[in-house]
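Knowing the structure of chain X, use the given hints to seat chains A and R on it.
Residues per chain are reported as follows:
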Amino acid sequence: MAIEAEHHISITSDDDIVPARAEGRALAEQLGFSRIDATLIATAISEIARNILVYAGTGDVVLESRHESGRCGVSVVAHDSGPGICDIDAAMKEGFATGDGLGLGLPGARRLMDEFSIDSAPGQGTTVSMVKWRVRDDLERLRSSRNGRGR
Amino acid sequence: MEAIQADTAQRRSDAPAIDSALLRELVAYLRQERAALREEWASRITDAHLLGVMAPDEIFSETMAVYDTYVDALETGSVEALQAYARDLSERIIPRGVETHEVLGIVLLLRDVLARSLFVRYESDPALLARVLDSYEPAANRIAVTVGVSFVDERERVIREQQAAIRELSTPVLQVRDGLLILPIIGGLDTGRARQLTEQLLASVQALRAKVVVIDITGVATIDLTVANHLVQTIKATRLMGATAIITGLSSEIAQTLVDFGVDVSMIRSVGDLQGGLEYAERLLEHTVPLDDDEASLAG
Amino acid sequence: MSVPILRRGELLIATIQSALSDHGILELRDELVARVGQFRSRGIVIDVTALDVVDSFVARSLRTIALTARLRGAETVIVGIQPEVAIALVQLQLDLQPLRTALDLDEALQLLRRRTAKRNGDRG
Chain X
1 MAIEAEHHIS ITSDDDIVPA RAEGRALAEQ LGFSRIDATL IATAISEIAR
51 NILVYAGTGD VVLESRHESG RCGVSVVAHD SGPGICDIDA AMKEGFATGD
101 GLGLGLPGAR RLMDEFSIDS APGQGTTVSM VKWRVRDDLE RLRSSRNGRG
151 R
Chain A
152 MEAIQADTAQ RRSDAPAIDS ALLRELVAYL RQERAALREE WASRITDAHL
202 LGVMAPDEIF SETMAVYDTY VDALETGSVE ALQAYARDLS ERIIPRGVET
252 HEVLGIVLLL RDVLARSLFV RYESDPALLA RVLDSYEPAA NRIAVTVGVS
302 FVDERERVIR EQQAAIRELS TPVLQVRDGL LILPIIGGLD TGRARQLTEQ
352 LLASVQALRA KVVVIDITGV ATIDLTVANH LVQTIKATRL MGATAIITGL
402 SSEIAQTLVD FGVDVSMIRS VGDLQGGLEY AERLLEHTVP LDDDEASLAG
Chain R
452 MSVPILRRGE LLIATIQSAL SDHGILELRD ELVARVGQFR SRGIVIDVTA
502 LDVVDSFVAR SLRTIALTAR LRGAETVIVG IQPEVAIALV QLQLDLQPLR
552 TALDLDEALQ LLRRRTAKRN GDRG
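Protein chains in written order, with this note's numbering: chain X, 1 to 151; chain A, 152 to 451; chain R, 452 to 575.
Bound-form chain X, shown alone (with noise of 0.2 Å):
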């Protein structure tokens, strides 16, 4: 059964951010992860999408099947087009967790992301990469790799 390879979300108003996430969930779901796992990605994205809202009001959201021997995951690559951020490291920070104003739901996305990385300057829109992975258990391995070789 082949998985599209690859979902382009627009973002370009609060409406969108649901659906993107139920997309998340649903490819989530459709490569074997967990429910919990489903909702940690789901959440993510959203908590990822509002920021492209907020912070460059439009932007896109990439979701890609990744698919390695002995895992497979999730890939959620937002990207915007916005004023970039200056210190990242600041915007990494807290101020997320008391809910000072908006705060960025970047820490919050990393927090329930395996990997979590940030392109960004002043000027230069700001591209945020994440991944969730799941690991295959042996059966699962075993039939992939038959797979492959059958075809």
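There may be inaccurate statements among the hints.
To be verified - Here are some chain R residues the structure puts well away from chain X; computed CB gaps all over 10 Å:
| hint | residue |
| --- | --- |
| 1 | Leu-457 |
| 2 | Glu-535 |
| 3 | Pro-549 |
Stated by the list, open to error - Using C-beta positions, here's what the derived DEER-type ranges look like:
| hint | chain 1 | residue 1 | chain 2 | residue 2 | range |
| --- | --- | --- | --- | --- | --- |
| 4 | R | Arg-480 | A | Gln-326 | 36 to 46 Å |
| 5 | A | Gly-413 | X | Ser-117 | 24 to 34 Å |
| 6 | R | Phe-490 | A | Gly-413 | 39 to 49 Å |
| 7 | A | Gln-426 | X | Ser-10 | 51 to 61 Å |
| 8 | X | Lys-93 | A | Asp-375 | 41 to 51 Å |
| 9 | X | Ser-10 | A | Asp-239 | 48 to 58 Å |
| 10 | R | Phe-490 | X | Thr-58 | 35 to 45 Å |
| 11 | A | Glu-190 | X | Ala-26 | 50 to 60 Å |
| 12 | A | Arg-311 | R | Glu-478 | 38 to 48 Å |
I should point out that these hints are in silico values taken from the structure, not numbers from a laboratory.
Glycine included, every Cβ here is placed at the ideal spot set by N, Cα and C.
Quick look at chains A and R alone, frame taken from chain X:
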């Protein structure tokens, strides 16, 4: 055989046609020799000590069916029927304890028995023999792979079903009385198991409307940092769902480990042993002791 | 897309029925705060059973409702947090004080009664 030899000149351009005509002849021969070849195959199976769990008459009827399906697959080149048969066979023999190496073994033995008989029949004409093998071998090997894979697929399916059934049957969360659950944890905890226990605990809190949960870790010798954090997270999540979590059986070793790790222990409401924990839980349920809702909620 | 709010004596009960957009939750916040003032309610129960995701924005909005309602004399209880939502909220490490939670409406009512009794006791 004459018809094939007459077409020598057209061999290259008509390669597929010759192959299929040759294949038809081979198949006709193998059907003709069915009784003798099946018999030989069956005795080779017994010599190799395969299918020990099956009785002789079972082996007889299974080898008869496999032989026919095998030759049909050779003829048609279609493995669907063979796959279906292999799945069906697997469903029957897996519960009997037949192993993968046995299934592969018998299919390969059949391949060899048939190959040998073709050798004997065509050995006087080496060129023809070569073409016979060119036709036979790919088909036979495809069959071997198909049967092997079907068997393994079926085994995996059975194993998964059994695993799911075991998981469903094993309920680590026990309801002591209305509103009170116990989760006794025994043995080593790794992240995977810890996460699974958390899921089951929270699902039980929701389904059974629990107010107090006693998590007993008397049977846990050591925990690492990840699991320790997991435990604290479970306590917080339980509280978010409106229940209070009590830890019992927290050894001094683990307590020290938690402090050393810098784990937020203010979240942990710990009572010495399980018995004490249950008594404390009863008092919580009777509201003689304040529940968590009167205290600070989950500060980061 | 607005959230139905029931009034039951001194209680306001809001049941969120599907994933809310951001302006939906802000609308809910404004509605609840207005009605607490209008009816002098003592308690608010917000049912989030239908939410499969509660992110930091929603969580903070709920907290804002609780803080504002408390200023107007009402306690807020959130009910129906799903297991996986509970785990996500914990992992986000949000400070949700003074939000109270309960399993369902019945538990929430008991909780509110206890708090009201306690408050009355303190006054006396």
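Against the structure, the hints come out as follows:
1. Leu-457: Holds, since 25 Å exceeds 10 Å.
2. Glu-535: At roughly 4 Å from the nearest Cβ of chain X, R:Glu-535 sits no farther out than 10 Å, so the non-interface label is violated.
3. Pro-549: holds (13 Å)
4. R:Arg-480 / A:Gln-326: 36 to 46 Å: holds (38 Å)
5. A:Gly-413 / X:Ser-117: 24 to 34 Å: Check passed, 26 Å falls within 24 to 34 Å.
6. R:Phe-490 / A:Gly-413: 39 to 49 Å: holds (47 Å)
7. A:Gln-426 / X:Ser-10: 51 to 61 Å: The hinted range 51 to 61 Å holds for A:Gln-426 and X:Ser-10, with Cβ atoms some 59 Å apart.
8. X:Lys-93 / A:Asp-375: 41 to 51 Å: Hint violated: Cβ distance 27 Å, outside 41 to 51 Å.
9. X:Ser-10 / A:Asp-239: 48 to 58 Å: holds (50 Å)
10. R:Phe-490 / X:Thr-58: 35 to 45 Å: holds (41 Å)
11. A:Glu-190 / X:Ala-26: 50 to 60 Å: Holds, since A:Glu-190 and X:Ala-26 (Cβ atoms, about 57 Å apart) stay within the stated range.
12. A:Arg-311 / R:Glu-478: 38 to 48 Å: holds (47 Å)
Hint compliance for this structure: hints 2 and 8 are not met, and every other hint is.
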